[in-house]
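**Q** Below, each chain spelled out in residue letters.
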Amino acid sequence: MTDTLASHADQGLHRGEPLIEMEEVGKSYGAIRALRGINLRVNAGEVTCVLGDNGAGKSTLIKIMSGLHPHNEGTLRVDGKPETFSSPREALGHGIATVYQDLAVVSLMEVWRNFFLGSELTAGKFPLAGLKVRQMREIADTELRKMGIVVKDINQPIGTLSGGQRQCVAIARAVYFGARVLILDEPTAALGVKQSGVVLKYVAAARAAGLGVVFITHNPHHAYMVGDHFVILKLGETTLDKTRKEVSLDELTTQMAGGDELAELSHELGRK
Amino acid sequence: MTSTIEAPAPAAGRVKLGLSNRLLARPEIGALVAAVIIFIFFLSLAPSFRSAESFFTVLYQSSVIGIVACGVGLLMIGGEFDLSAGVIVYTAGLFNSMFCWYFGVNLWIGAFLSLAFCLLIGFLNGYLVMRTGIPSFLITLGTFFVLQGANLGVTKLVTKTVSSLDVSNIDGYDSLGKVFSSSFKVGSVTVWTSVIWWILFVALATWALQRTRVGNWIFAVGGNPDSARAVGVPVLRTKIGLFMTVSFLGWFVGMHQLYRFNTLQAGGGVGNEFLYIIAAVVGGTLLTGGFGNSIGVAIGAFIFGMTSLGIIYAGWDPNWFKAFLGVMLLLAVLVNLYVKRMSTMRKVG
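These protein sequence lines are chains A and B, in that order. Using the working numbering, read the first sequence as starting at 136 and increasing by one per residue. Using the working numbering, read the second sequence as starting at 19 and increasing by one per residue.
Hints listed in this document are in silico derivations from the structure and should not be mistaken for laboratory results. Remember, predicted model here, so these are calculated numbers, not experimental data. Hints are supplied without guarantee of correctness; some may be wrong.
Between beta-carbon pairs, the in silico distance windows are [as the list claims (entries may be wrong)]:
id	chain 1	residue 1	chain 2	residue 2	range
1	A	G265	B	A134	24 to 32 angstroms
2	B	Q228	A	T277	20 to 28 angstroms
3	B	Q228	A	K380	48 to 56 angstroms
4	B	F141	A	S297	54 to 62 angstroms
For each residue, glycine too, the CB sits at the ideal point set by N, CA and C.
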């Protein structure tokens, strides 16, 4: 699996080199400030975990990086150059691919069509150039099997797969198309233990191949298994920003669960 | 695992779906069955239905609806409606005839200006829908009324009547007539070229949907526009292109009507937008988008042609036609619902 990934990964990636740098980035929707003062680096060959409760600003952060909503404060640098993405296509052009938890696939379309959606193989540049259907089916089938996803029929609508399988297809797709930065939005949230394991292995493999991975999750245990760098968001601000060496799983779990507030609450409730 | 090109492991646990399952998952299957039943029905009831001549009359009748329905079908697969598709046919013809009559210029110039005007309307429909986020049902309902009123108003201003004037003496009439509205005889059968154009458009649309990148995008923007956008599909351009395709085909049929009849009634085309939608839905297009194909829509248009003439051949009161169409629509929606459920249900395990 690692070899598959490494063979698709950009050979120009050097471990530790910053791919995305955010400096005091913020975002407001009208009067609501969803995010402020975010400083974040996504380095090649590292997994950056973003943790936070519902409404902490995780989705906004992803949307800025993936080009769905441009930021309106601070600077976002990709490969050292300041950028403001106006569409996901632009972000994809810089090698930033996002796998969303809920909007990853078009359920009525066949598995192979979903796999190649937006990056179809055609026989020419012309908009009506023929698709290389047979080749796309074969590639999709082989790639998915390498990831351990056995699809009964590559021509079946993707809506007939389980949630875990759909997530895996979406991840395989992003990696196959040479993502340099892989943003995973709660990839394990809807999965069972075994399928979560597959996804986490893939995250580790992506890191080994030199990709920068942004791993968004609720689950500190999953995060600690693969993460190199941890950021906890709360109400749109960073409350913890530490490397793996500086933080323990216990601290991460406590912070995630509310940290000091939780201690205060337990004091107030007064039970031993 | 060093080599990634080694032969893939045998596909364990893979099943090949049975023929019946794969057939059922095709959008046009319901319409095909209905078309065969209706065809046999009229063959047995109406003696004058049983000739090659009347078969080609049915095809002609179907083509006039089918050409625009082909575009409407694509648009609906892309998840949008166009209620202005019926009147734009007459807008196109009226624009062409009155412009050339008023300014005394060659009809070809008017035809091209009319095309540009129709494409602009299509673009505006698409742009407004995408930029405002208002459902296309409302935006095109607005366009529908604007065009309907403008057709009558402008015609009244220019000609003082409610129909356009005879254009058969203006330059370019004959050559345009050859392109848009000619017919030839095969034995005793009259074949209108619009039938051939219809088949061409359907073939092109079918190929584009199944075998091109644009086709993939049309399914995606109809099935789940957010996912499509997230993986880099240009949703805005795709949808605007679909609206413009519909107005192009509307223009095409408008040209056919104008050069077949010389004059046009300014109030024409109202209600046809629903015939196009019915043809698309009967042909298996999902009302919510993301599913369907052009052959199904063509069969839907053929069912329309067959019944509208079959009722006359059978000597019944033609007023029943609309009632029949309504029943067909309801049946089609039920079949579609069932098919969608079948094809998205998880197969064996």
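**Q** Is 48 to 56 angstroms respected by the C-beta to C-beta distance linking Q228 (chain B) and K380 (chain A)?
**A** Holds: the Cβ-Cβ distance is about 54 angstroms, inside 48 to 56 angstroms.
**Q** If you check the beta carbons of F141 (chain B) and S297 (chain A), does the distance land in 54 to 62 angstroms?
**A** Given a distance of about 42 angstroms, which is not inside 54 to 62 angstroms, the answer is violated.
**Q** If I claimed the Cβ atoms of Q228 (chain B) and T277 (chain A) lie 20 to 28 angstroms apart, would that claim hold in this structure?
**A** 22 angstroms, holds
**Q** Using the Cβ atoms, figure out if G265 (chain A) sits within 24 to 32 angstroms of A134 (chain B).
**A** 30 angstroms, holds
Hint 4 from the list above is the single one not met by this structure.
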